[in-house]
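Novice: Chain residues, written in single-letter form:
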Amino acid sequence: MSGVTTIDPSSARHSGIPPRDGTVARLRRRRERLFYRLCALPALSITLLVAAIPLALLIVQSLRDQETGAWTPSYYVRSLGNRFFTHTLLTTIAMAFGVTAISIMAAFPLAYLMARKSRLRTVLMPVVTVPRMLPFVVVGYAMILLLAPITGVLNRVLVQLGLLQHPLFILFGWPGQALAFTYSAIVVAAGILTGVLISVDPQLEDAAISLGASRLRSFFVVTLPLSTPGIIAASALIFTTVVTAYAIPVMLSGRVPYMISVVIATDLLTLQETHLAFAQAVLVSLLAVGVTAGAQLLLSRYGRR
Amino acid sequence: MKLTRRAVAQGALGSLTSLGLSSWSGSSRAAMPSAKVLPHLVAYTGTGLQTDLADKLVEPFAQHMKTKYGVPVHVQTVVGQSPNSWVAFQTEWPNPSGDVYQLYNEYIRQGIPKRYWLRLQDACTPEEWATFNKSALVTMATDGYTAPLSISAYVLVVQDSLKDLVTSWADLGNPKFKNRITFDSALSVGSGYDAIAAAALVRGADWTKWFAHGKFDASAARPTFEEVARWAKNALTLTQGSGSISPLLRRGEALISAWWWQNGLQEKLAGTPVHIVYPKEGVLAAVDTGPVVSSKTKNPVAALEWVKFFHSATASKIADQLHEFNLMPREGEPAPPQWDEFTKNAHIVWINQFREWTLGPDYNRQVLALYNDVVIQGA
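Listed in order, the protein sequences are those of chains P and Z. When we follow the numbering used here, the leftmost residue of the first sequence carries the number 1, and every step to the right adds one. When we follow the numbering used here, the leftmost residue of the second sequence carries the number 1001, and every step to the right adds one.
It is possible that some hints are incorrect.
[Stated by the list, open to error] Sample of chain Z residues with no beta-carbon within 12 Å of chain P, all distances over it, derived:
{"id": "1", "residue": "H1064"}
{"id": "2", "residue": "Y1069"}
{"id": "3", "residue": "T1077"}
{"id": "4", "residue": "P1094"}
{"id": "5", "residue": "A1229"}
{"id": "6", "residue": "D1373"}
[Stated by the list, open to error] Computed footprint of chain Z on chain P; a stretch qualifies when at least three of its residues, placed anywhere within it, have a C-beta under 8 Å from a C-beta of chain Z:
{"id": "7", "segment": "148-158"}
{"id": "8", "segment": "263-274"}
It is worth saying that the hints were derived from the structure and are not from the lab. We put the beta carbon where it would ideally sit given N, CA and C, even for glycine.
Just chain Z, with the same shape it has in the complex (with noise of 0.2 Å):
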């Protein structure tokens, strides 16, 4: 590990050097490439939160880049999902449109071994390095490359008038609400997946030992996604994401909705009568990763600065204004009183890496086969 981190850094160096820049190290300073700053910057911005969040700070970070560095950068964002971002950057490799990315964990670290990257602590101070929350730092695993953003939560939304009625995963296959919950089919959205892991936690599966060596073991999955099923058939439908749900909430066709726990919140503010329930066995969460910085950009400096920027105060700001409570605080900066009741009240359950494995390419076919068979097609 040590050795490939050595390698990619001097990967990082070598490039940055090839574009005549005389500092780039790991030092126990702040090291930002000192080449010219250039007026555009591209950056490749997801889907939700991060699109969102990066549209309303290119203004401001025009404004910081003039004032530090006297060039008023102009970022253009470019809106697309994760792994068409991911697609579009290896098709154009080595001379990639954008400067920064905003990709899934997963593809950050398959980029580390190619030279991909920029890595990001090397520009951050040490002291700046240690505001960003530790164990979320590990569960990412992207190495320094990337620090974590947000978080993605899975809950029970529950309608008012179920006040302490809900308290487990369990209640999604409760008869009493029978035609009454809804979550996302894993067929259509991958929160679906997240259902899985709701089930596993309440039969007390070991989900780790369903994958191994590219092999999917679906015979030891099987009682999980049977529960999955029972589940469904207590539906009232399986949903396709937030567009689904929503409306099913609203009117009140649904009692309990499997669902993002920001999405709940928004839900709340809307005014629908629905409350958060974080479920006893756990709360399934996983930790989304701020934007990373192309090694092959020509504007280093500006594209370091917008990632930084992406996790400075004042888009901490910004994401309050919309309403995006599941921005990470770092440490010693102000939360939201929802991010604070959440990390009160919820037992969290990292999930990453059962996401990934699910998601990725390795298990994902066999994942939804099994997905098709049990919970659909009741087999």
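Same shape as in the complex, but just chain P (with noise of 0.2 Å):
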């Protein structure tokens, strides 16, 4: 502290009288910022109540027997010692994976166009955004009409065209369930990507290509590593939303669940074995909340280079 007076022009300029001193001015600076947190208590008071006092709860009783009330880890070693669950959480993972590559992959050609056609974007972004704004159950049950062995669309045209002879049975396995996944994905991939590449300057890729590079170099060499933190965030949110998701494997599930959150609610709401159901989802928590952390992580290292 110099002891010199110093005068913060922003709170000058919003409240339009002139700081009289270096005290008035703290004063002032210190009053926006509770007024910013005060703001955002809202949400945080809800954060705290629906989601963080919850997941505690969660915690706590997945660590206590569920007879006798005694603290063991015991329900943990179960579920990661259980073959089935940790082939199912495998599963999981690898069918999360999976669509959001393919979504992202699927969806970015899409979200280059959009960002770059303004008005075909008008056109094609509430059309895109359609399947967002239907619920799950409805996706599942468009996903029947689409891929029902017998009656659906996609198995009819195929045997018809003489590409099949027999009809796929890929509704209620595995196939079904991650074309159902990937179809709302694309969704969610094609509005954040949209979003990041209108951000993105195209005089840059011009200036790339000016400078002698090809269309795809200068889209390797400029337009992908500007919209990295759109792809981080696209991946995280979608990862995250396949390893809960629950309606979709429900609708679509044949004989074995090959998502883990079906194992979860049969050992929840059918063989009531409530804690051990806990440690399951305090282990599908952790591993969502692991990759929207290091989502996160990843974006603030991007932001500082």
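If you follow the hints, you should be able to join the two separate chains into one complex; please do so.
Specialist: Right under this line is the structure:
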């Protein structure tokens, strides 16, 4: 503290009253900070109430014996030692990873087109976002109409064209669920990537081309690196959505559940193994939170660069 | 058992006396209590047939009571699953909010020693009581507190294109029908347990030996569950109740679905080209009880009249109009042709006890755990 009077131009500008000395300016800054913190308070409170506290309760319950109430890590040991649980967790991760990669790759050209052609964007965006507005149950039913073995559009067309001799029974297996997830995920990816690509100045691409780069090289050297934050954000969102998805796996589940949420729901609702289900839910939440936190870390590092 | 019965009758008598009722006994003549008829009655009506029927009976019942007692009693129906009504009743006891309850047989039996109910048989003449199906009364074992109302029969609903090709429960595992059969998962709905009983029937397994003193003998039951697992591997999907069976049959995706007889008939009436197959090993059936009257009702005359009205010819006619063909006709009452066809062709195997054990609190989790291990996880 040098004792020199400091003037906060921004606060002066906002209030319209010139600061008389450093104390007033500090007081004003403190008030502003308090104001913004108060504004954030409702959202923080709701998050604390509906997310943090229930999750904390889940963790506590998952560490207590369902019958005696004694502290025990046994539900975590049982879950991670159960071959069916770990196998289903791995198929869930594989599903989420695959859906994320495919939907980002499929959505990128569409997003690029919409970012560069504003008129096309006006027409395409509402059409593309329709699936996002549909409940997952409806998406699941749409998949039945598309993929049903005998009456589904896809099978009928392929059989009529002679490309298939017998219909594919993929609807109630993992491919049916993967298609349903990808259908929803492409929309998320297209929405996020379009926003990011709009902010990439097209003149940068033109500059690269004028310096001798091909269109493809300018895409990989200029556009792709600049849109990486969007790719990271979209990937994290899609991955966590798929890992925790419940409606589509239930609608399109055959005999064997491929998604972990179905296993947890069975333990919780049917088998009444509530504390075991809590432990499994905590493990899945850790996975989802870990991916989100990792994405945030990557984004902040990318931002610093 | 006799002591219990007497105690219950005395309990009912006591509660009615406390309400200022003068006549209530198990004499040879029907003895309706002579309390004042109040204009309002609350009936917990369950779901499905029972609630549909109850809603349709509200108006005619008001007319009936006006003619008989000069009071047009309005019945307020409360829809909800039987387990929920049972929990509500026990929580609210001794001041339950309902006068009449639609409950599962086992709940009624659990309530008898606790003096929860008024005895229906005492409000009927012996001649009236004799018109109820005797074997159904024995199967229900509710000791005269309720009468049989309907039957839940589990059959195979088969596309007409497979006429005469499907005859047995074992066809659910027939590789000729790979990916074209469905049946409910026990992890999702109660009807899923019937598939286990069907597999036991196919294997000739004695399921009564699986249950003893709260312990479920998983090793004895395992071969039957493995049979269900084989069927599950042959299935297009394991369904989650009627809502998921019907579309698959209508679209022709499923050729064979294990389903309720009643739902199969309604599917036929809706125009789906299906027929009912009564498997040669037997049709699995459970008797559904009619409503029961709370012993704490303030309106016992109207409550007992409501229950009797539920079992009346008027109710049967309305059930026919609703295409609810699984209502059990009383002796001397005309039955719809669907019922006659059913009784002529179906060899009935009663599974009330099996359902009560598998769905009851003593064994349910153990049964489901084995189902999850063997049928779902394939362990």
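Novice: Hint by hint, say whether it matches the structure.
Specialist: These are the hints, each one checked on the structure:
Its beta-carbon lying about 42 Å from the closest one in chain P, H1064/Z satisfies the requirement of being farther than 12 Å from that chain. Chain P leaves Y1069/Z outside its interface by the beta-carbon criterion, the shortest separation being 46 Å against a cut-off of 12 Å. Even its closest Cβ contact with chain P, about 28 Å, leaves T1077/Z beyond 12 Å, as expected for a residue assigned away from the interface. Its beta-carbon lying about 29 Å from the closest one in chain P, P1094/Z satisfies the requirement of being farther than 12 Å from that chain.
At the 12 Å boundary, the C-beta of A1229/Z falls inside the reach of chain P, the nearest C-beta of that chain being 8 Å off. In this structure D1373/Z is not separated from chain P by more than 12 Å, as the shortest Cβ-Cβ distance comes to only about 9 Å. Requiring three or more residues with a Cβ within less than 8 Å of a Cβ of chain Z, the coverage given for the segment 148-158 of chain P holds, as 4 such residues are present. Given as covered by chain Z, the segment 263-274 of chain P passes the check, having 4 residues with a CB less than 8 Å from a CB of that chain where 3 are the minimum.
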